[in-house]
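*Asks:* Using the sequences and the accompanying hints, generate a full structural model.
Protein chains: 2
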Amino acid sequence: MTPRISFEHQLEALNDNLVEMGQYVEKSIDQIFKALETMDIELAKEVMEGDDTVDDMEKGIEAQSLALITRQQPVARDLRMVSTALKVVTDMERIGDHAADIAEIIVRFEHADFYHLSKQVPKMIEATKKMVHDSLNAFIKRDVKAAGEIMKQDDIIDGLFDKIKTEIISLLQGGNQNADYCVDVLMIAKYLERIGDHAVNICEWTIFEEKGTIDNIRVL
Amino acid sequence: MTPRISFEHQLEALNDNLVEMGQYVEKSIDQIFKALETMDIELAKEVMEGDDTVDDMEKGIEAQSLALITRQQPVARDLRMVSTALKVVTDMERIGDHAADIAEIIVRFEHADFYHLSKQVPKMIEATKKMVHDSLNAFIKRDVKAAGEIMKQDDIIDGLFDKIKTEIISLLQGGNQNADYCVDVLMIAKYLERIGDHAVNICEWTIFEEKGTIDNIRVL
Chain A
78 MTPRISFEHQ LEALNDNLVE MGQYVEKSID QIFKALETMD IELAKEVMEG
128 DDTVDDMEKG IEAQSLALIT RQQPVARDLR MVSTALKVVT DMERIGDHAA
178 DIAEIIVRFE HADFYHLSKQ VPKMIEATKK MVHDSLNAFI KRDVKAAGEI
228 MKQDDIIDGL FDKIKTEIIS LLQGGNQNAD YCVDVLMIAK YLERIGDHAV
278 NICEWTIFEE KGTIDNIRVL
Chain B
78 MTPRISFEHQ LEALNDNLVE MGQYVEKSID QIFKALETMD IELAKEVMEG
128 DDTVDDMEKG IEAQSLALIT RQQPVARDLR MVSTALKVVT DMERIGDHAA
178 DIAEIIVRFE HADFYHLSKQ VPKMIEATKK MVHDSLNAFI KRDVKAAGEI
228 MKQDDIIDGL FDKIKTEIIS LLQGGNQNAD YCVDVLMIAK YLERIGDHAV
278 NICEWTIFEE KGTIDNIRVL
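Protein sequences appear in the order of chains A and B. Read in order, the letters of the first sequence are residues 78 to 297 in the numbering used here. Read in order, the letters of the second sequence are residues 78 to 297 in the numbering used here.
Careful: at least some of the hints might be erroneous.
Copies of the same chain are indistinguishable here, so a pair counts whether it falls within one copy or spans any two.
Restricting the straight-line Cα-Cα distance to at most 27 Å, the calculated cross-link-like pairs of lysine-lysine (DSS-like) are [what the hints assert, rightly or not]: (1) K207 to K240; (2) K288 to K240; (3) K111 to K240; (4) K222 to K136; (5) K136 to K229; (6) K267 to K240; (7) K207 to K288; (8) K196 to K122; (9) K222 to K240; (10) K229 to K200; (11) K267 to K136; (12) K111 to K267; (13) K200 to K267; (14) K242 to K136; (15) K229 to K207.
Just so you know, the hints here were simulated from the structure itself, not pulled from any lab data.
*Replies:* So this is what it looks like as structure tokens:
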């Protein structure tokens with residue numbers, strides 16, 4: 078095997094691992110939203126346990142990227158691919174992390190019904206699920222145009238967060254709802270809002286990998 | 078100027094920017110804790126506005142690191158330094174981000190007294206301030222031994238978070254406190270807990286830069 082072929086195999090392996098991690102994180106997001114809707118404790122526990130796998134995947138991809146940069150000294154698009162891998166895993170890991178944060182809340186209050194506490198919750202879940210799916214898909218397909226469009230979805234998620242916040246505070250003030258549950262729905266909404274931010278980052282890294290620009294400034 | 082000297086100047090410039098960003102983030106943390114204690118709205122607004130500066134610093138260091146990797150193709154310790162720069166800025170930026178999150182809460186409820194709502198809040202603030210200071214200091218000094226020790230402080234912060242959570246929930250149930258304020262203290266505590274996580278990461282990257290290991294596994 079010539080060094081170039083070996084290098085290309087290594088890039089492919091790195092890409093395979095990124096795709097695998099993206100799919101795993103998306104599965105965690107789907108599972109945790111399902112667990113929220115049905116208050117499925119077992120499914121929530123599965124997501125919590127899966128968080129270690131996500132952490133291991135992140136560490137593995139970081140190590141692989143750093144080793145590739147040192148040993149192969151890639152240039153141009155190859156280098157952008159490896160640098161992107163090194164950065165985008167952080168956003169994937171954080172999304173997985175927030176799925177586990179939500180799982181913890183579900184497990185703690187198994188008799189709560191977070192999903193129906195505010196009508197905005199299912200809407201925010203739908204919007205977040207879509208944005209995670211779309212951003213990971215754009216990244217996997219290296220679809221720069223889609224990435225640019227998907228970033229705009231974050232405004233919807235931010236708007237829903239503000240609505241939930243206002244609703245929950247008035248529920249708390251009304252005093253007819255379990256305060257613990259109200260607080261935790263707010264936490265869940267905050268996690269969803271952060272997940273949206275990380276989906277934006279994934280779009281930004283997709284654009285960087287293809288175009289070598291960050292915020293429209295050429296870097297590589 | 079020989080290429081090697083120019084390269085060393087560029088590494089120095091990168092390091093200077095990292096130190097500057099670290100100091101800026103630490104200042105934001107100090108300011109926001111002071112603003113919380115005295116409910117100083119003007120100071121909180123200053124921290125909110127400073128968040129754009131932190132974002133710009135992050136983008137700048139990312140661009141600088143990526144350009145250095147491409148053009149100079151560094152190896153060994155130099156490469157570890159540049160790779161660390163590329164990763165550690167994310168943690169610094171997130172700490173700054175959470176300082177701005179806290180600032181937003183202060184500005185929204187200027188008549189609240191978050192600081193005294195729970196006796197654990199000042200303790201958690203002290204612990205977080207210390208951990209941010211220590212981890213950034215260890216990073217700047219490349220003190221691997223200190224970095225390993227500082228990581229353990231995170232258990233204190235996590236413990237205080239759990240205590241605040243229990244206290245606030247019982248305050249909410251008692252119904253004698255403004256529910257908005259209670260919810261926001263909980264949010265503030267969650268941000269502090271996350272800041273602790275990022276300080277742990279800064280310690281981990283300090284160790285990686287010097288030793289080339291992630292979680293004790295040799296990478297570079």
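*Asks:* Would you mind marking each hint as holding or not holding in the structure?
*Replies:* Hint by hint, here is what the structure shows:
Taking the shortest Cα distances, K207 and K240 sit within 27 Å of each other inside one copy (19 Å), while across copies they are farther apart (36 Å). For the identical chains of this complex, K288 and K240 are neighbours neither inside a copy (36 Å) nor across copies (48 Å), given an alpha-carbon limit of 27 Å. In this homomeric assembly, K111 and K240 come within 27 Å of each other (Cα to Cα) only inside a single copy, at 22 Å, whereas the closest approach across copies is 30 Å. In this assembly of identical chains, the alpha carbons of K222 and K136 lie at most 27 Å apart only when taken from different copies (22 Å versus 30 Å within one copy).
In this homomeric assembly, K136 and K229 come within 27 Å of each other (Cα to Cα) only across copies, at 20 Å, whereas the closest approach inside a single copy is 30 Å. Taking the closest pair of Cα atoms, K267 and K240 come within 27 Å of each other both inside a single copy (12 Å) and across two copies (21 Å). Taking CA atoms no more than 27 Å apart as the test, K207 paired with K288 passes inside one copy only; the shortest distance there is 25 Å, against 41 Å between copies. Taking identical chains as interchangeable, the C-alpha atoms of K196 and K122 lie at most 27 Å apart only when both belong to the same chain, with a minimum of 25 Å there against 33 Å between chains.
Taking the closest pair of Cα atoms, K222 and K240 never come within 27 Å of each other, the shortest separation being 30 Å inside a single copy and 47 Å across copies. In this assembly of identical chains, the alpha carbons of K229 and K200 lie at most 27 Å apart only when taken from the same copy (16 Å versus 40 Å across copies). In the homo-oligomer, the alpha carbons of K267 and K136 lie at most 27 Å apart both inside one protomer (26 Å) and across protomers (25 Å), since each shortest distance falls under that limit. In this homomeric assembly, K111 and K267 come within 27 Å of each other (Cα to Cα) both inside a single copy, at 18 Å, and across copies, at 25 Å.
For a Cα distance limit of 27 Å, the shortest separation of K200 from K267 qualifies both inside one copy, at 14 Å, and across copies, at 24 Å. Taking the closest pair of Cα atoms, K242 and K136 never come within 27 Å of each other, the shortest separation being 35 Å inside a single copy and 31 Å across copies. Taking the shortest Cα distances, K229 and K207 sit within 27 Å of each other inside one copy (12 Å), while across copies they are farther apart (38 Å).
Of the numbered hints given earlier, the model fails hints 2, 9, 14; all others are met.
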